[in-house]
Amino acid sequence: MADTHKAGAFDIRNVIGSLLAIYGVILLAMGLFADAETEKTGGVNANLWAGIALLVVGLGFMAWARVRPIVVPEDVEHVTDDPTRPAPKKRPRGGH
Numbered sequence: 081m082a083d084t085h086k087a088g089a090f091d092i093r094n095v096i097g098s099l100l101a102i103y104g105v106i107l108l109a110m111g112l113f114a115d116a117e118t119e120k121t122g123g124v125n126a127n128l129w130a131g132i133a134l135l136v137v138g139l140g141f142m143a144w145a146r147v148r149p150i151v152v153p154e155d156v157e158h159v160t161d162d163p164t165r166p167a168p169k170k171r172p173r174g175g176h
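Heads up: the sequence shown begins at 81 in my numbering, then just goes up one per residue.
There may be inaccurate statements among the hints.
Unchecked claim - The calculated EDC-like cross-link candidates involving lysine to aspartate or glutamate, where the alpha carbons are at most 20 Å apart (straight line), are: (1) Lys86 / Glu154; (2) Lys86 / Asp155; (3) Lys86 / Glu157.
Hints are computed from structural coordinates only; laboratory data are not their basis.
Could you put together the complete structure from these sequences and hints?
Following this line, the structure appears as structure tokens:
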């Protein structure tokens with residue numbers, strides 16, 4: 081079996097999770113320390129709840145990437161077909 085390694089920081093789930101978590105922390109801080117302006121949102125501190133939700137989802141993405149990592153093989157078989165070659169043209173149906 082070929083040697084393998086994990087995608088790590090290049091796993092898209094880590095990138096998405098990090099961005100969501102950063103925005104979550106910003107909104108959470110705004111919800112805790114800024115004026116809540118609850119009259120605009122019907123009595124709900126929208127920044128606080130959106131920040132908590134984004135933080136939870138972002139951490140969920142990063143946990144998912146850690147629990148089920150993408151495994152990248154070290155050795156890949158050489159492709160015998162030229163991937164830049166155009167595909168064969170299809171014949172017209174029911175015709176001449």
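* Asked: Given the hinted pair Lys86 and Asp155, is their alpha-carbon gap at most 20 Å?
  -> holds, 14 Å
* Agreement of Lys86 and Glu154 with the hint, judged by alpha carbon distance not exceeding 20 Å -> With Cα atoms ~10 Å apart, Lys86 and Glu154 stay inside 20 Å; holds.
* Asked: Is the hinted pair Lys86 and Glu157 satisfied, with a Cα-Cα distance of at most 20 Å?
  -> holds, 19 Å
In summary, this structure violates none of the numbered hints.
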